[in-house]
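K.L.:
Using my numbering, the letters of the sequence shown correspond one by one to residues -17 to 609.
Hints were generated in silico from the structure; no laboratory data involved.
Just so we're clear, the structure is a prediction, and the values are computed from it rather than from any experiment.
Ranges of calculated distance between the beta carbons of each label pair, as one might list FRET restraints:
#, residue 1, residue 2, range
1, Asp564, Asp443, 28 to 34 Å
2, Tyr605, Gly206, 20 to 26 Å
3, Leu557, Glu577, 20 to 26 Å
4, Ile607, Asp443, 49 to 55 Å
Derived BS3-like pairs (lysine-lysine); straight-line CA-CA distance at most 25 Å:
#, residue 1, residue 2
5, Lys528, Lys380
6, Lys101, Lys254
7, Lys292, Lys60
8, Lys292, Lys191
9, Lys60, Lys380
10, Lys60, Lys528
11, Lys101, Lys573
12, Lys505, Lys573
13, Lys505, Lys435
14, Lys60, Lys191
15, Lys505, Lys101
16, Lys435, Lys101
Idealized CB from N, CA, C, for every residue including glycine.
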Amino acid sequence: MLALQLAIEGLDLAIIIVYFVVIIGIGCLAGLYRRRASEGKNYFLAGGTLTWPIIGLALFSTNISTIHLVSQAQEGYKNGLAYGNFEWMAPFTLICLALFFAPFYLRSGVATLPDFLEKRYSRASRNWLALLSIVSAVFIHIGFSLYTGAIVLKEMFGVSIMQSIVGITVLTGLYTIVGGLLAVVLTESLQTIILLAGAMAITLIGYSKAGGWDGMVGTLAQHGEEVKLTLLRSADDPANLPWYSVFLGYPVIGLWYWCADQTIVQRVLGAKNENHARVGPLFAGFIKILPVFIFVMPGTIALTLIYQNKLPPLPVQCTDEPTTSGESRLSDASLEEHPDTLPASGRSSSVNQVHSQLMGAASLSREDRALSADEIVSLTGLDRREVDRAIDELLTAKQIERKTDAVYAHMIINLLPTGLKGVVAAALLAALMSTISGALNSIATLFCYDIYKQWRPAVSDRSLVTLGRVVTFVAMVLSILWAPEIARFESIYQGANSLICYIAPPITVVFLWGVFWRRASAKGAFATLVAGSVLGLTVFLLDWFKEYTGWSVNFMMAAFYLFVACSAVLVVVSLLRPQPADHPGNALVWKHPLEALQGEAWRGIGNYRFLAGLLFITMVALYIIFG
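Hey, can you work out the whole structure from these sequences and the hints?
P.N.:
Here it is, written out as structure tokens:
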């Protein structure tokens, strides 16, 4: 139904085919290279050979997924740069990873983060974190990336959602299973270059067509939407991301994601030495400046181009609930919110015809129900001007809405020439496969080292590698089954981040307090993980059923409140049930925060202290300019 399917021409198809051959070939070669030393450490941690450029690019590439390409462009269209805060707050937590957490993990000699928790606290804490990490990898890292990528492939190439999900998961799993972490990080480095090239191309072309910064500012100001070019918003802004929620909530989820999530930190654990482990995250922090301009801003550029009549309007879809007879039935909530909504009897004939077509489409699957103005003209036989007027009237009455998650594909089709379309398509696949490959490998590592090896301590490295491949396959199957269910979320990007906000707080608490507070005990940590998980699930259910519960707390503020509650649990239980004086975990604490800065550093510009300071100043300056 949605007329957003690319005509795959020879050059575009060749680019995509070459991409697949190169990526899968690299992964398989990496697997053969490591086969002669089929050791668990080589398979899961790349043998401690990773240097700072590879680590930095791998961190960035694993973080960047199709969620960024599609959903951030969608947010850029709807809310401007506000959700760029998730990108520009990340460098601050990457500084924390480089200065405090990375050297700590390496000095403790752990293979996984749950392994660190066992040394610091107890095996119970290790097992609980391993479980939470596997769940988050399957349901957040892989699931949301798969579904978002499938939507784009459906719109661009006409491939069904399930075919896209299954096909990409199988191809990614192939080189992940064969090559292990080395295959993952090597292919991620190449994929990052492809991703940035494609994203920059669409941004620069659209930016130039819009008349540059002055053209965007002037056009948005004419429509009263100049606020879309700022990041920090007030509490009543439609973006639902007030400035205080950014500064209070993001550190909670950011510390979990960048400093305590196995999918991300595993790249650092495979570092060649401590300096590479420190500089790699700082390098990634500088790269994280780019996504606001190449992932979020394209959506705002698209809105500008549509206002300037240089880009066709987005397709529209019905917001009404179709009845079994195909007639419109507005929900009670919609009627209360928009009492001026016109019933069918009060609308003109052309408006009724347009609405009827959209109501018919609404009975189809979520990804197929939108129609472009040209499609409506073809279906109704109405004049284009009549269709445009009818769409405007229905949009004003809130009975239809623009299909904003199609904005990125919309720009590809309407702005890019042949050849570049293939590059951007390859970039979409690169982002998708990179995130999935990293998460699959981390799931295998967690299960093998933190669960299975607890039962069979004498298991050989060769057996662990074999088991890791089996676990990767099982995770692929679970992800394929889960991904289509994500269609139930109202917004993909906000849905993913809300889940993170409910999972992250207890994990952030046990790591943060565990690294800096000697009195944090094993009993306190386990109580925090369990209580925090239960609280997080409760808040998620309250939010999921908010039409019945009346829940209205911003998801970022919910993360902050959960962090405070979990911190209280940890402190109280640790004081009541203190750690034994001879517990080995008592030594796994920074004696003083500044102790972390006393490690040996490279001279000159490669000094991690200098780079951390430079990154911090750069980000503060950017917030002053765009905040």
